[in-house]
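**Student:** In case you want the letters, here they are:
2 protein chains.
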Amino acid sequence: MAKGNIITPRTLSGFMELPPQEQVLFERIKATLEDTYQMYGFYPIDTPVLEYSNVLLAKSAGETEKQVYRFNKGDKDLSMRFDLTVPLAKYVAKNYSAITFPFKRYAIGKVYRGERAQKGRFREFYQADIDIIGDGSLSIVNDAEIPSIIYSIFTDLGLSNFTIRINNRKVLNGLFEMNGLDDSATDIMRVIDKIDKIGVDATKAELIEVGVTEEVAATLIDIMTYKDTNANVIAKLEGYKGRSEVFDLGLSELSDVIYYIGKFGVPEENYRIDLSIARGLDYYTGTVYETFVNDHPEIGSVCSGGRYDNLAEYYTKKSLPGVGMSIGLTRFFYILNEYKYLNTKLNSPADVLIIPMTDDMSAAVSISATLRECGIRTQIYMEKKKFKAKITYANKLSIPFAMFLGEDEIAADKVTIKNMITGNQETLDLDAAIDTMVEVLEEMDEESIITK
Amino acid sequence: MAKGNIITPRTLSGFMELPPQEQVLFERIKATLEDTYQMYGFYPIDTPVLEYSNVLLAKSAGETEKQVYRFNKGDKDLSMRFDLTVPLAKYVAKNYSAITFPFKRYAIGKVYRGERAQKGRFREFYQADIDIIGDGSLSIVNDAEIPSIIYSIFTDLGLSNFTIRINNRKVLNGLFEMNGLDDSATDIMRVIDKIDKIGVDATKAELIEVGVTEEVAATLIDIMTYKDTNANVIAKLEGYKGRSEVFDLGLSELSDVIYYIGKFGVPEENYRIDLSIARGLDYYTGTVYETFVNDHPEIGSVCSGGRYDNLAEYYTKKSLPGVGMSIGLTRFFYILNEYKYLNTKLNSPADVLIIPMTDDMSAAVSISATLRECGIRTQIYMEKKKFKAKITYANKLSIPFAMFLGEDEIAADKVTIKNMITGNQETLDLDAAIDTMVEVLEEMDEESIITK
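First to last, the protein sequences are chains F and G.
Residues 1 to 452 in the working numbering are what the first sequence spells out, letter by letter.
Residues 1 to 452 in the working numbering are what the second sequence spells out, letter by letter.
Extracted from the complex, chain F is given alone in its bound form (with noise of 0.2 Å):
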């Protein structure tokens, strides 16, 4: 094209792109997940973000492939990933004898759904995925990690009033058997699921249409909308015991599951037994979860989760059991953001601005070197500009300090620091201002990237 004609910079809708300072937030509540997950000795797994269609959309069918951004390019036929699931699916199946099961992954990456654009909807968004999978089998014990992983996560984050809700499948499977409703399980679950949004009496009408008597009906609901306590739950369960092979295992998991979780340091208040959360897809056989912030149950499941019983069915006759959760990244952080829930005193890019004074830069530039190596992210503030100028600067930025070097302080090889949150000033040796840096840095440092 020719120079000098302008093509309007634009970003196409549904993509987020952030801000300098939002950002900074952004891959601070990132890094908090990839700590987590290192933390409980999770491999860190890179998959392409391109895949052959065929292999891409094995599975799928209906609404996923309608949404897949997919072209060809020379004589090949390609699919943006739209999940972080198949990938591992691919992975796992293709790099099975070089894998020592279980095998403990997380993945945190860019997925594309060429959803309809609507407010708070991404085509472009992260997910940050963990799975345990075994080879045949897979201990129920790694159903309780998955839940003391979330609790961690949330917490380091600064959030408390959160809610992880449990269910196993099996139980619900095994209440349908015991009613002779084996057939219709799929129907019913997925008419369960919606018991949150729609009420008791449209999910018994639904109910009653997809083939359950009203009697049945009514006694499902009842067990499905039963709070308790875990251990009040769990001795209501176990009043069905008996009467169904797969009830018997499902309630036996969900309480070793519920036993596991405490043990693993989660508080009580922080995981509940929902025998309403069923999760609709059929890919889940066993426990499942979904986490919920109390104070807005609007929002719905900020993670969620399950155990299954073939990772890879559509690239391997292996059996590849597993359990896993994603956090769909970017919409949790719109949401945060929306409720102004972030911490913004976190939001800067540096710890200290250094503001020469002088036209020779070399004592900024050598304090600078020290400075990093003692761990404070520092900038030097390098234009010609007035003083003003390069306040504002550090004001705009959020930068907490500001040091200053003139000739005064260099020939008394002192430097002046200000806190630019309290505004005090002072002159002091290189090592006293570190001190007295590094001292509110990490103060702040403790603080929550969520302050609701």
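Bear in mind the hints are in silico, worked out from the structure with no lab data behind them.
Honestly, I wouldn't trust all of these hints.
Put simply, identical chains are the same to the list, so a pair is met inside one copy or across any two.
Straight-line Cα separation of at most 16 Å, EDC-like style, residue types lysine to aspartate or glutamate; simulated pairs [as the list claims (entries may be wrong)]:
no. : residue 1 : residue 2
1   : K384      : D135
2   : K396      : E22
3   : K263      : D360
4   : K345      : E447
Chain F is already provided as a structure; the job is to place chain G on it using the hints.
**Tutor:** What follows is chain G alone, placed relative to chain F:
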């Protein structure tokens, strides 16, 4: 598709997909880059992988455009980003009024180029970029900060025998001007850029081909191949002063950059003026850098960059000068891995594997929570397998410690830890075991990721 049909799980060629242990090493290198960029106070900026084609391809023509993954979705003409510079230009132009300048940003992300597949060439690869963008003007001291960041990264990774070669395009342009060669500057630059590859004689021949006299070609090559200390090279260049304004300006910039790089603490042996570094692109207008691993010049530059006058001339009429550099992270990792330069001792996802020897795993689960609080990456082996299988798991994952929890240990409130590297095994109080492990782990943490 019908269940039971198996799709071969393939990955596209040119798309790096690492085995788990190599991915751990990749993530460590990536984290070193991120940490360093943050230490210098750069903002993280994340832009979409997909953009409007007319926005992304506003500037490019020819070879780049052919390689772009471009397609239609609905009525939109979309392209996948092929570098991180064009998205940055778009971002800065779009958010101009919200940005405080100088704007320091880093970006580490995947980019896409449908190149001819060949060993060591990638179609999806990470770039790790930093740029400092001024509004109208930008101090030359910034041009010295970039090499100090390169130095810091490579040193932190464990490399020492590398050289950042530095030049200034104005010095070259000035030399051409003095010799009446202003018009063929771009052609000459392109020839000179190859001098390391094609040698002096071929360079001379090619210079004559683009219209340089034999005598001038000899002079240019003489200057450009002059190797000496930075001070001596500058002294030699001083001899040409007063004959071209652009030369004098370039020499002044180059002197300032060399002066300040030293102040940043970069040892003299790691940066050298190399007047043959031209960097083919029109884009650069002042300082240019390339970085070479001295034992392997055949790898080419592993980190390049420079100063430019206009970041975003296709999107805005604002003058946005900047300076930056880019590391081709995927290729860099690929080479390090091929040469076996990576420290495989650091490739474990966990620091300790707890091996419960009783049916009830409560003790193991409780202890795991304590270990993680101490910053020890902890896995529990939960599967019912023979003891040998459990130890094999720890060995295969290169986990440095195993912790055994049998009835005796639990009864005595002790744990048995085994150093998997030395084979040393001890039964200790938990606190003492933690101290023992932390000491070893901290030593490991001091080790470099690159062992060369």
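**Student:** Against each hint, give a clear statement of whether it holds in the structure.
**Tutor:** Hint by hint, here is what the structure shows:
{"no.": "1", "hint": "K384 to D135", "verdict": "between (64 Å within a copy, 12 Å between copies)"}
{"no.": "2", "hint": "K396 to E22", "verdict": "within (13 Å within a copy, 41 Å between copies)"}
{"no.": "3", "hint": "K263 to D360", "verdict": "between (61 Å within a copy, 11 Å between copies)"}
{"no.": "4", "hint": "K345 to E447", "verdict": "within (9 Å within a copy, 34 Å between copies)"}
Consistency with the previously given hints is maintained throughout, with no hint failing.
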